[in-house]
Every structure is written in structure tokens, then in C-alpha cells.
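Undergrad: Under full-length UniProt numbering, the first residue of the sequence shown is numbered 1, with each subsequent residue one higher.
Note that these hints are calculated values from the structure, not bench results.
The reader is advised that the hints may include incorrect statements.
Derived DEER-like restraints, expressed as beta-carbon distance ranges [as the list claims (entries may be wrong)]:
1) S106 with M148: 54 to 60 Å
2) D177 with S104: 47 to 53 Å
3) L34 with S153: 17 to 23 Å
4) V83 with K170: 22 to 28 Å
5) M148 with G11: 25 to 31 Å
6) I69 with S160: 46 to 52 Å
Each computed EDC-like pair below joins lysine to aspartate or glutamate, with the alpha-carbon atoms no more than 20 Å apart [claimed, not checked]:
7) K170 with D93
8) K138 with D162
9) K189 with E27
10) K138 with E30
11) K170 with D35
12) K136 with D177
13) K138 with D119
14) K138 with E151
15) K141 with E151
16) K138 with D25
17) K136 with E18
18) K192 with D175
19) K136 with E30
20) K189 with E151
21) K189 with D35
22) K192 with E151
23) K141 with D121
24) K170 with E151
25) K136 with E27
26) K170 with D139
27) K192 with D119
28) K141 with E18
Each residue gets a CB set at the ideal place from its N, CA and C atoms; glycine is no exception.
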Amino acid sequence: KSIVLDKEPVGFTGGIREVIVNGQDLELTETGALDGANVGDWDGTACGYKVCLNSGYCHPIGLSSFRCICPSLWTGLRCQQSVHCVNNLCQHDSVCVYNTTSASYSCLCSLGWIGTYCDQDATLRTLRFTGNSYLKYKDPKYNSRNLMYTEVSLNFSTLSGDGLILWMGKAHSGDNDHLAVGLQGGYLKVSKHLLFEGTK
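Generate the whole structure from the sequences, applying the supplied hints.
TA: Structure follows, in C-alpha cells:
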């Protein structure tokens, strides 16, 4: 019986800033992971740091959603778009900024994008997980390191009391060897299963 979660696993909801496994700082980006789903950027709350731009007011809706109330010259989900640049080339939910002096606009890129029109990928540093999110990594030193020793360091924050944060195991293996780290009832739970030791 796993002590990470005594019931059916619940996906982690919260933010993870850092994961270090065996001294290796995992690159928590869309290009650093092998695979993943439903992962976004996170600042701690639905109405966190500058969610609504240009003096817009953020109205929280539950724990994970919000609605921005925009001042008269701004529009968009986050009050990010000037009413003067409704038709523009800015991409990926970037902000069109109208310059009254030059009668032109520029694009302020949303997280993860750069370039004149926000059409080039950028990297993420702190990731937001929504309960059904995941990142998958391959240990590049798996064949050359001491497999009897694993060190994990995490830096995370969450409002959820339950969730699986980390699962380490061999893919497509029937022996169920693993190291798991999670939260249950607000407490950190760690579980390991080694074929020769059993679950602890």
C-alpha cells in the first residue's frame, strides 16, 4: 500500500519552480521535457501578479479562474489590447500597444513568446499545473549513474491538500519500482517501492 496517497491518486494542482534529481536541475520548460499536457505559467492565484493589465480590475472566479473589468481604452480577456489596435498582427494573446505619437503599434508578447509579432517560442521558468497536467523527463545519466542512490529536491507551492507531485519509475516495466512524492491532507508523503524491499 502506497503512503503517498491512500486513495485514488489526484493530480497535483499548484506551481512548481524547481525540481532537482540527483544533482541535476531539470529544465522546467516546454522544450526541456520529453512530453506533457495542460501545463501553463503560474504566479500563485487566479488574480495574481498583474493578471489584468492597464489598470484593469481582476475579479476572481473560484480558485483557478478570473474575469477582468477593463478601463474604457482597453479590451481583451486581460485588458491587454488597446481599442486603437483591434486589427493587428500580434499573435499568441500578446498585447498590442498603440503609440499615439507615431500612429503605429508594437506587440507586447505573452509568456512563452517573443519577436516583433510574438511569433517565436520563448522558455518558461515557473510552471502552473492544473490537476491533469504533467511533464515527462528522461534521466540522461540513467545508464551511467549509481542507481542505488537518488536525490530529489523540489520547490513548489499549492493551495491543494492532495496531489501527486513526482513519480519516478522505469517506463514499460512490470516490477513497479518507483519513487513517488505527493501531498495527502496537506502533508508531504513519500513512497518508494524496490523489488527487493517492497513498498515503504
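Undergrad: Is it true that the CA of K138 sits at most 20 Å from the CA of D119?
TA: Violated: K138 and D119 sit about 29 Å apart, past 20 Å.
Undergrad: K141 and D121 were given as a pair; does the straight-line alpha-carbon distance stay at or below 20 Å?
TA: 28 Å, violated
Undergrad: Going straight from one Cα to the other, do K189 and D35 come out at no more than 20 Å?
TA: Roughly 25 Å separates the two Cα atoms, so the pair is violated.
Undergrad: Is the distance from the Cβ of V83 to the Cβ of K170 consistent with 22 to 28 Å?
TA: Given range 22 to 28 Å: violated, Cβ gap about 55 Å.
Undergrad: Please work out if K136 and E27 have their alpha carbons no farther apart than 20 Å.
TA: Distance of about 11 Å is within 20 Å: holds.
Undergrad: So if I understand the rule, the pair passes when the alpha-carbon distance is 20 Å or less; does K138 with E30 pass?
TA: 14 Å, holds
Undergrad: Take the C-alpha atoms of K136 and E30, compute the straight-line distance between them, and say whether it is at most 20 Å.
TA: Judged against 20 Å, a Cα distance of about 10 Å means the pair holds.
Undergrad: Quick one: are M148 and G11 within 25 to 31 Å, going by C-beta?
TA: 30 Å, holds
Undergrad: Is it true that the CA of K170 sits at most 20 Å from the CA of E151?
TA: OK: K170 and E151 at ~16 Å, within 20 Å.
Undergrad: Hinted pair, alpha-carbon criterion (20 Å max): K192, D119. Please report holds or violated.
TA: At roughly 43 Å apart (the allowed maximum being 20 Å), D119 and K192 break the hint.
Undergrad: Compare the distance between the alpha carbons of K136 and E18 with 20 Å, and conclude whether the hinted pair is satisfied.
TA: Since the Cα atoms of K136 and E18 sit roughly 14 Å apart, the hinted pair holds (cutoff 20 Å).
Undergrad: Does the Cβ distance between S106 and M148 fall inside 54 to 60 Å?
TA: Once the Cβ atoms are compared, 55 Å apart, the range 54 to 60 Å for M148 and S106 holds.
Checked against the numbered hints given earlier, the structure breaks hints 2, 4, 6, 7, 8, 9, 13, 21, 23, 27 and satisfies all the rest.
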